[in-house]
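Colleague: Sequence:
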Amino acid sequence: VLHPHGVEAFSTYFGLGPFSRFGACELRQLWILKLAALCPVPDGWEFKFDELSMAAVFVDTSAGTASRHHPLDAFFAGLLERTMARHRTMEAVEMQKIGKPVTLGGSIAFFIDGSRGH
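Residues 21 to 138, numbered by the numbering used here, are exactly what the sequence shown covers, in order.
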């Protein structure tokens, strides 16, 4: 179980914004945030904690480089983006089936059901 402040930090880090503004799409992706938070570093990497900056440091032992970002952050960001896009697409299809307008970015799309004469 993740602490609410942890969820808030990960949602902000991955670009979802504040937890209090989550919609259905974002709430359904919490499993990805949890997985990212609990994911160990891959083989060949070490986790260190920099006490001066109070920040996590990830060290690639084979290359001798360090980063403030977990080596799998890009994977989880891509996974989050793909699952949210799929959810929004499925949500739009469902709205189209019942004839409700769908918000696409800053625009509203209305679907006309030709079978009903509308």
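Worth flagging that the hints you see were computed from the coordinates, not collected in a lab. Among these hints, one or two may not hold up.
Label-pair restraints from in silico Cβ distances [stated by the list, open to error]:
(1) Glu-111 <-> Met-74: 17 to 27 Å
(2) Asp-80 <-> Thr-32: 17 to 27 Å
(3) Ala-86 <-> Glu-111: 19 to 29 Å
(4) Glu-114 <-> Val-61: 36 to 46 Å
(5) Glu-66 <-> Ala-105: 11 to 21 Å
(6) Gly-37 <-> Gly-98: 29 to 39 Å
(7) His-107 <-> Ala-75: 31 to 41 Å
Quick reminder that beta carbons are idealized off the backbone N, C-alpha and C, glycines included.
Colleague: Of the numbered hints stated earlier in the document, which are not met by this structure?
Modeller: 1, 3, 5, 6
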